[in-house]
Amino acid sequence: MSQTQTLYAAFAGHLNAALDALEEAGTLPAGLNRAAVTVEPPRDASHGDLATNAAMVLAKPAGTNPRALAEALVAELTKLPQVTGAEVAGPGFINLRIADAVWLDELRALAELGANYGRSTMGGGSTVNIEYVSANPTGPMHMGHCRGAVVGDALASLLEFAGHKVIREYYVNDAGGQVDVLARSVHLRYREALGETIGEIPEGLYPGDYLVPVGQALVKEFGDSFAAAPESEWLPAFRTRAVAAMLVMIRADLALLGIRHDVFSSEAELQAARKPAEAEVWLRARDLVYDGELEAPKGKVLDDWEPVALPLFRSTKFGDDQDRSIKKSDGSWTYFGADLAYHFQKAQSADALVDIWGADHAGTVKRIKAAVSAMTGADGTPTPFEVKLVQMVQLLRNGEPVKMSKRSGNFVTLADVVSEVGKDVVRFTMLTRKPEAQMDFDFAKVVEASKDNPVFYVQYAHARIRSTLRKGAAEGLAPSAAHIDRLGKEELELIKFAAQFPRQVEAAAAAREPHRIAFFLGDLAAAFHAYWNVGNDRPEKRFILAQDAELSGARLFLGAQIGQLLQSGLALLGVEAVEEM
RNA sequence: GCGCCCGUAGCUCAGCAGGAUAGAGCAUCAGAUUCCUAAUCUGGGGGCCAUGGGUUCGAAUCCCGUCGGGCGCACCA
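With my numbering, letter number 445 in the first sequence gets 456, and the count goes up by one each step, no holes.
The set of hints was computed from the structure by calculation and includes no laboratory data. Take these hints with a grain of salt, some might be off.
Label-pair distances were calculated between CB atoms; the ranges are [what the hints assert, rightly or not]:
(1) GLU590 - ILE212: 41 to 49 Å
(2) GLU51 - LYS462: 32 to 40 Å
(3) GLU98 - LYS71: 20 to 28 Å
(4) GLU431 - GLN227: 23 to 31 Å
The list that follows gives simulated cross-link-like pairs (lysine to aspartate or glutamate, DMTMM-like), each with its CA atoms no further than 25 Å apart [to be verified]:
(5) LYS482 - GLU501
(6) LYS71 - GLU51
(7) LYS176 - ASP273
(8) LYS377 - ASP390
(9) LYS434 - ASP534
(10) LYS377 - ASP332
Idealized CB from N, CA, C, for every residue including glycine.
Construct all of the structure, not just a fragment, from the sequences and the given hints.
Next up, the structure:
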């Protein structure tokens, strides 16, 4: 079951009908472009329930003045039974007041749709592949990965809710040189497990303790047969074992945050299947790959730089600053060479691609977008492809920057932070700012201030509602829609706020900005808390009224729906809606 | 030098494809608890939306320049 039309969309329809009527009457020339006409709630609630800019937008092309047009439109809109008031304001806004019955209908719709209220058909069932996390399989997840993981996961849920099929994908970079480094680091741990004294981990290898059990497992599997063997004999086996072990760890870390991917794609398998080679052939046939030399990098001096002929992809043809090599001089694939084939492969099974990347990869966005355009656009329209850059999280400890590096073994793991402050705090914190803004995450501060975290504010609203429903039930009072027409002004304000959820979902999904849901929930919780507190001074405004079961039932009904909405919204963010606090 | 992102209250940040008097949390000041969960609520103070121009009925929002901060500029990943 899905919601087919929001209340706001319905009024956009009414407005269009009114404009049609004006056209027929000759007040308005036919065929004006109405694309810029909006129907939305005014910033200031005292202006009414809905506002439209139609008169201001259309006045000029219609050759009339905004206020005159607005008056005519008001006369038309007033005919609607749902409209109880319409007036012209300011430079030509039309403010509408909507009949209470319309809002009460919306409340009933919320109850009927339950967890599906706000679900949209906007996506039209098209498939979006969203790639996120994709951390290198060389160690546990650390806080630097966390933001992209949470944002990607929440976005995936949001797009699903907005009517897309979603594939959640993790690209495993298991083909590069860093995996050799990992394998060598593991070999050292393997020798250690055999009883050798390995001393300090040499510079350049991964020093983390998390490799100790991997070494032990390899002893169990291979005994001591590789202890003194040359690297070429053990490297391939150690690579695959080590990567597999790292992925087990990474999945466990992600699970702590409630994150699960549908697909793990391996770069090594991609190469073994010769996908990059196929891509090269295909691109060469279209003169999109040629042999050439790269310019020396600007802005820094490399002593060992010298021009070499390499197969280059013509990314400049698609807006990049430089053509990019797809192979190294030793004949192996560059990261880009494989990534290009990978994206082409993804495009086969999805209508649109979204990548969530850390901002440190910003420099490679143009080339991969160029590659996707080139490869998917050859016969028809290119597959829509967006890269969302998630800015770095600067990790602080008491205001001091913490340098993080897997090489040095000095990093704060995601698991540490989650066990310290909890999944919900981590997730909500990451979702209460837009991803492209830089962010400080002071470990000490977050731990210390976790009680003030906004996530609890939202959860508390939900817990309050659940508690009230339990208490009502204990007193024989159940939520009921039978008398919701007795709800008053304060209750209607709450309904009006809640009714914005569907359009918030669509706007957030269209913008690929899950953080908007977090802010909406904060505002909804605030509206609820404020309403609740009215009952402190005025006992007749409480939910539980032993002397008036009808009104009590109506208020509990409203409360139940607000609770449901909080739960739906939190579910999109992957945060628990708790029963009590 | 070039590319991308950011600059809004003391601090952390929203600002919904340009709308009406720029908002919230924290901090601060003044209040509310014999009462359904006070992890809450009510109110006050606090702003040259970095800056200069442009676009138009209208700009924090779009365009250009400048300044400041971050990230990147390999055949790394």
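We went through each hint and held it up to the structure:
no.	hint	verdict
1	GLU590 - ILE212: 41 to 49 Å	48 Å, holds
2	GLU51 - LYS462: 32 to 40 Å	36 Å, holds
3	GLU98 - LYS71: 20 to 28 Å	22 Å, holds
4	GLU431 - GLN227: 23 to 31 Å	28 Å, holds
5	LYS482 - GLU501	22 Å, holds
6	LYS71 - GLU51	21 Å, holds
7	LYS176 - ASP273	12 Å, holds
8	LYS377 - ASP390	21 Å, holds
9	LYS434 - ASP534	22 Å, holds
10	LYS377 - ASP332	8 Å, holds
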